[in-house]
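Using the sequences plus the hints, can you model the full thing?
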Amino acid sequence: MSTAEAQQCGSPVGRQRVGFIGLGVMGRPMVQHLLAAGHDLHLWARRPQTLAGLSATVHDTPAALGAACPVVFTMITSSADVEQVALGAQGLKHGMAPGSVLVDCSTIAPAAARRIAGQLAQGGIHLLDAPVSGGVQGAIDATLAIMAGGEADVLERVRPLLACFGQRIVHIGPNGAGQVAKACNQMIMVAAIEAVAEAMRLAAASGVDCGKVRQALAGGSAASRVLEIMGQRMVDRDFSAGIEARLHHKDFGLVLEAARQSGVAVPLTAIVAQQLNALMAQGWGKDDTASLLRVLESG
Amino acid sequence: MKIGFIGLGIMGRPMALNLLQGGHQLTVWARRAESMQPLLDAGAQGAASATEAARGVDLVISMVADAPDVAQVMRAVATAATPGLVAVDMSTIAPAAARQIGQALASAGVDFVDAPVSGGEVGAIAGSLSIMAGGSDAAFARALPAFECMGKNIVHVGASGAGQVTKAANQIVTGMGVLAVAEAMAFASKNGVDRSKVREALLGGFAYSKILENHGQRMLDRNFKPGFKSWMHEKDMNIVMQTAHELGLCLPGAAATAQMFNAMVGSGLGEEDSIALLKLLETLSGQADK
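Protein chains in written order, with the working numbering: chain D, 3 to 301; chain Y, 30 to 319.
For the record, the hints were derived by calculation from the structure and aren't laboratory data.
Treat the hints with care, since some could be wrong.
As the list claims (entries may be wrong) - Computed far set for chain Y versus chain D, every beta-carbon distance over 12 Å:
(1) Pro67
(2) Ala76
(3) Gly156
(4) Arg224
As the list claims (entries may be wrong) - Looking from chain D toward chain Y, a few residues come up when the C-beta cut is under 7 Å (computed):
(5) Gly255
(6) Gly265
(7) Ala267
(8) Ala272
(9) Ile273
(10) Gln276
(11) Asn279
(12) Ala280
Fair warning: this is a prediction, and the values are worked out from it, not measured in the lab.
Cβ atoms here follow ideal geometry from the backbone N, Cα and C, with glycine treated the same way.
Here it is as C-alpha cells:
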C-alpha cells in the first residue's frame, strides 16, 4: 500500500466503529484490513465458528449490530440472504439509526439492491451497493476494485473505510448502478475464461503445448489478466478454487435476468451460461471456473 | 358436469364456449367484467369472485397470464374447496411453480392438474388444442371429459408439473423452429434465391414441419399479426432458461433463441407474431425491408 493510500485508510476520520456481516473467503480478509487500520469492529455471523481469531465485539442479531454502528458492511452470497440480513425480522433495518450507512459489497441483482435501498430509506438509512472485483487475492492484497451505487456524498463518507481493502473506488451512479457494473464485469471476465478454455482445448487437440501457447499469447494482443491467471491454472490443471464456479453460475443467472428485463440480446453471455450449467451438472461448482476447460473436454 | 372457469381472454373465452357447447354447466369469472358477457349470453352463470366460481362445482379451470396470477386464483379456489374438487390450470407457467401450487392445493384437499395447451387461438376456437397434463390418474380422469371438449391430442404425461415440463419442451421446439425457418428464409434471399420456391422444395423433404408450412407462409406474406405474440414466447423461453439454470442443463440453441426474443421485445416487436424474428434477422443482416 502506498503512503497516500495508507493515510486515506483510517487517518482522516480516525478510529471508527464499523459493523461487518459475512465472514467468508472474501469478507474475512476485508475485516482484517479494517482491524489493521485500527477500527473498532462489530460482527454478527450466521455461523459463529467463522468469528474465530478476530478481535471484535460480537452481537446476537443483525439488528443489535446495526444499533451499535453508524456504518455496516455486508458481504453475503445471494440476493435473498442480503434481504434477510437487511430487512428480516431481526434485520439491520430494525437497529440502524437514521443517517447511518449500509455498504453492501455482495454481488446481487440490481433490482434487489434498489428494493433494499427503498426499504432502508423509510428509516432514513442509506444504502451503497458496492460490489467488488479482484477475488480472494485482491481481498488479501487490499487491491479490490469497488463499483459503488448510491448517493455520492454517502460514498465520500465511507470512502476511507473502503480504501482499507480497495484500490480503485468508482462512483457509478444511483442505487443499483454498482450492481449493474458488477454484472458487466462478470460478463466480460467469464466470457474471457471460456475463450481461454476454448483456445487451450484447440491447442491441446491439435497436439500443441498449451503452456507455450499461453506464453506466446501473453505478449500480444490477446494478453489479459484472465489469460495470465486462469490460463496458467488450465496449463497446470489446477482446478482448486480461487472463486468457486457456482458463484459465477449464480451471477450469470442475475445477468441474464437483467438483460431480459431490459430487452437486450446478450448472445455470447447466454451461451457461456449454458457452459456454466454443464459445469454445475458435472459437479464442479465448488472448483475454480477454469473448470470450463473440463466441460469442453467432456463434450 | 359442473365446471367453474376463470380467465376469459383470447384463449379462455373460446375454450369456455366449447365447454358450454359440450353440455357442461358453467360458472365463469374474469377480472374484467366485460369479458364475461359473451359467456353469459351463451348461457353460463356469472360469479362475483374466483372463490364463488369454485363453489359447488366438480371441476375448476383457470386460464390466466402468469404464475403469480395462477397462485392467486388457486388460493381463492382453496377457500371454497369441497372434498373431491379437482382444479386444473391450463396457463403456461414454470414447472416448479406448478408443483408448488399443486402442493398448496393438496393441503386444502384439492387435487391439481397442470394442463397447458398448444395450438393458439385457432386451436382454441376449433376445439383442437393439444393438451399436456400432469397430475394424478384420478384427477386426470375427472378432467378428461372437459379436455375432450377443448382439445384433440390429449396426453397425460405424468405427475404434477409434467404438463408444464412438456409445454416448456414444446416452446423449445417451436421457438427454435420459427428461428430456423426465419434463418432459412433470410439465407435464401440474401443468396438471391426465391424464398417461396425454397419453402416449396423443403416441404417435400426432411425439413418439412408445420412451422415451415404455416409460419413459413406467413413470413412469405409478411403477415406479422399475432398469432402468438413475441413477448409471450419470450416469457416462455425465460421459463425454459430459468429451469435449465436451476437444474444444471446445457441448452445452447434455446439460449441463443431466447436472446433473439429478448431483442424482439427490446426493439418494439413484442406485440407482433413471433415470425417477426425474420424482420430482426433482416435488419441484422442489412436486408432492410425485404
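Notebook entry, point to check: For this structure, which hints from the list above don't hold up?
Noted result: No hint contradicted; all consistent.
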